[in-house]
Amino acid sequence: MADFLRIEHIRKTFPGVVALDDVSFSVASGEIHTLLGENGAGKSTLMNVLTGLYHPDRGEIRIDGEKISLTSPRDSLAYGIGMVHQHFMLVPAHSVFENILLALDNVPNLFNRKKYQTKVQNLIDEFGLELDLDMPVWKLSIGAQQWIELIKLLMRDCRLLILDEPTAVLTPQEADRLFAVLERLKNQGKSIIFISHKMREVMQISDRVTILKKGHSITSLKRDEFDENKLASLMIGDDKIPQWQKNLQMSDEIVLEIQQLSVRNDRGLADLDSFDLELKKGEILGIAGVAGNGQKALAEVLTGLKTASQGRIMAKGQDITSSDAKKSYIAGIAHIPEDRKSIGIAPDMSVDDNLIMKSFKNGAFSRWIFQDKKAIRRNANEKIEQFAIKSGPDGTPIRYLSGGNIQKVIIARELSEKPAVLVALYPTRGLDIGSAEYVHKVIADGADQGMGTILIAEDLDELLKLSDRIAVMFRGQLVGYVDPRNTTREEIGLMMSGEKQGGAV
Amino acid sequence: MKLVTERREISSPLLRFLTPIGSIAVALFVAGFLLLASGVDPLAAYKDIIVESLGSMYGLSETLVKTTPLIFAGLGVSLAFRMQIWNIGAEGQIYIGAMAASGVALFSGIDNHWLMLLLMFTAAFIAGGSWAGVAGFLRARWQVNEVIVTLLMNYIAILFVDYLVYGPWKDPKGFNFPLTAQFTDSARLAEYFDTRLHSGFFLALFVALVLYLFMERTVWGYQIKVIGSNPKAAQYAGMKTGTTIFMVLFLSGAIAGVAGFSEVAGLQHRLQHGISPGYGYTAIIIAWLAKRSAIGVVIVSFLMGVLLVGGDSLQIYWQLPIALVYAFQGLILFFLLASDFFVQYRIKLVKGGKYA
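Chains as they are written, first to last, in our numbering: chain A, 2 to 506; chain B, 11 to 366.
Treat the hints with caution; some may be incorrect.
Straight-line distance between alpha carbons at most 20 Å, and here's what the computed EDC-like set of lysine to aspartate or glutamate pairs gives [claimed, not checked]:
no. : chain 1 : residue 1 : chain 2 : residue 2
1   : A       : 362       : B       : 226
2   : B       : 242       : A       : 340
3   : B       : 242       : A       : 349
4   : A       : 342       : A       : 320
5   : B       : 235       : A       : 349
6   : B       : 358       : A       : 58
7   : B       : 235       : A       : 395
8   : A       : 68        : A       : 23
9   : B       : 235       : A       : 373
10  : A       : 359       : B       : 226
11  : A       : 374       : B       : 195
12  : B       : 358       : A       : 61
No lab work stands behind these hints, which were simulated from the structure alone.
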């Protein structure tokens with residue numbers, strides 16, 4: 002098979018950082034090629050080079066053997082290179098059709114609506130997708146929004162599709178449908194670059210895998226040359242992926258109980274609808290569910306960002322829903338937020354300053370009205386060492402850190418006051434294997450010391466590996482609990498889609 | 011071939027230091043053509059600017075006199091900038107501060123020098139603070155845009171002071187000019203070296219120091235910085251963002267109000283029409299150029315003082331029209347602001363590309 006795209010010896014530097022160094026790889030027509038690498042390995046930089054956002058300092062990009070130069074995303078599209086970003090580029094208030102039209106060049110000012118509509122509809126039918134062209138985008142599920150992004154590229158006759166962690170927001174069933182579509186595209190001769198952290202998916206769909214590490218392309222392996230362990234070890238340079246010992250001697254003491262809790266959102270709809278939950282001391286309670294089924298509202302009500310319209314929250318047998326005790330109890334709940342950069346950190350401030358964001362008023366860090374800079378520095382040094390944070394020179398604004406290191410800063414801060422309860426939303430989203438393992442270890446260590454954790458995650462493997470129990474949510478309600486030691490991905494998947502009730506564990 | 015811009019991840023301190031100096035040089039170069047077109051030798055004119063504003067005790071003192079209100083107002087505006095709050099109303103706050111201080115000076119009848127000054131200072135502080143506090147309250151309570159409120163309240167403040175000096179507060183012995191009676195000696199700041207330089211300048215330096223310590227060393231300063239960097243994160247960490255927004259705008263207006271106190275007590279010794287020729291608006295540019303740092307405000311204010319006094323000398327010695335002086339000042343500011351782009355981005359020449 003002829004290579005559609007070939008890149009050779011690409012080098013790209015930023016001041017003080019070599020982001021890519023001598024990276025080469027190629028994609029053939031009709032091939033799904035996976036890019037695997039930890040955060041900071043250079044995947045994003047490489048994709049930005051391919052989509053014309055960055056210009057390599059050295060190296061060549063060839064399409065069909067011909068050397069090309071990309072100076073803007075328009076160039077890339079003109080060469081047939083299209084990308085589905087992690088964050089969709091859609092106009093929420095516009096319809097599906099309008100969004101697709103927006104992505105096309107050369108649409109005349111007076112256009113034949115019917116002609117374009119038929120063209121889009123044909124594509125939708127061809128791949129067996131369910132999309133209503135007149136539906137406004139904000140009403141659609143994340144999965145459906147991803148279809149739109151894909152159709153946009155297909156309408157432009159893109160020959161190379163780049164998908165950046167496309168399954169991060171999908172249910173297992175939606176992901177399987179995506180893979181089926183990718184298979185068909187591949188059979189039509191399209192080239193696909195697939196980026197993912199999830200080994201199971203990589204194993205399932207890749208024809209070839211290229212591993213990036215610290216800006217170098219380590220190796221490219223064909224389908225029968227790799228297995229999960231080999232890929233993981235190449236990626237993190239360690240043969241063992243540790244398995245955590247589950248905390249079997251979990252206590253029966255209930256630290257947090259939620260009864261019939263309802264929370265309404267801005268549109269007046271119920272995000273949580275008579276939701277029940279019990280968290281035991283020292284337990285890691287996994288919450289499984291498709292994104293948008295109330296997980297966020299649950300986390301927000303437990304951290305005081307939202308108030309309940311109905312129901313009770315009990316801590317150690319006491320009703321704290323509407324008492325003064327609630328504030329202080331909730332203040333004691335540690336919280337790893339979903340969107341690190343938007344609510345977890347003050348991006349322009351240093352790691353030192355970010356580490357004390359919740360305890361800056363403590364006597365430990367202040368004397369009278371003044372901050373104790375020495376104590377703050379000392380605290381930062383301790384945390385940086387303890388959590389192995391790569392923080393750069395002293396005083397570097399935290400926004401220059403990689404995602405994994407920012408997450409470590411947040412976790413270090415949240416766990417520093419030995420909380421009784423931790424609410425963790427997607428704590429490893431976007432993290433590489435090494436960092437994710439570390440986050441798991443920290444949560445498991447906390448559980449050993451009696452901290453109850455509500456772990457909201459999208460990766461079932463992660464939930465199965467880490468949780469003592471898993472509670473499944475659907476449309477703001479508790480479907481049931483499952484025991485991770487004797488359940489299957491399929492059972493949880495069915496419960497997540499509301500088709501099966503669970504038992505009590 | 012085409013030019014593309016690329017964001018620098020981190021800009022070097024040397025670059026940040028050299029770029030503004032380079033941009034002033036470019037501005038002087040471009041302004042030189044304007045001067046040439048008016049039949050003036052640019053080099054001689056530039057020499058005059060420097061000599062007149064810095065070359066003599068009188069020139070230097072005049073420069074510092076102009077610098078004083080700019081420091082106060084610049085500090086006030088930059089404090090709010092730290093929290094991503096845009097106080098466009100320093101001009102009005104200067105007027106209200108001056109009015110409050112004058113009210114005390116004219117009607118309290120106190121003889122004690124220190125008590126009188128303390129009361130005038132306090133009145134200006136509270137009046138300027140409350141004036142900006144209105145915008146702070148509206149912003150904190152109902153999310154009303156503070157830019158609009160502070161800007162529009164300027165007109166109220168300026169016109170209200172005009173009403174006073176044309177009406178009830180007008181000096182009966184003032185030949186119908188729009189000004190109040192002169193303050194008594196107890197309401198005047200000390201002057202030095204037989205010049206117009208008054209103790210307000212040193213007060214301004216002191217306030218800059220206090221504000222620097224406030225922002226960099228105190229728990230409140232820390233909160234303001236966190237809220238400025240990311241209000242959502244601050245809320246989630248349990249900070250009261252609403253209260254802080256009000257407090258910061260109050261303080262911002264209060265410091266601008268003190269500029270009004272310093273002008274009437276130190277320089278003009280009476281309230282009159284047009285007591286600030288736009289110091290409050292210049293303060294916005296100062297705060298921006300100073301990158302919100304208190305020390306930066308002092309340096310940039312001084313530079314502005316040089317431009318103001320030097321600009322006067324261009325008018326006096328070279329008979330240049332005031333418009334040309336404004337154009338000259340505008341050019342320097344324009345290039346300084348534009349230079350920021352080169353600190354944050356680099357420009358690269360790349361080859362090829364279908365849409366080149």
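Each hint, compared with the structure:
no.	hint	result
1	A:362 x B:226	15 Å, holds
2	B:242 x A:340	11 Å, holds
3	B:242 x A:349	14 Å, holds
4	A:342 x A:320	34 Å, violated
5	B:235 x A:349	9 Å, holds
6	B:358 x A:58	11 Å, holds
7	B:235 x A:395	18 Å, holds
8	A:68 x A:23	17 Å, holds
9	B:235 x A:373	16 Å, holds
10	A:359 x B:226	18 Å, holds
11	A:374 x B:195	45 Å, violated
12	B:358 x A:61	18 Å, holds
When held up to the earlier numbered hints, the structure conflicts with 4 and 11 and fits the remainder.
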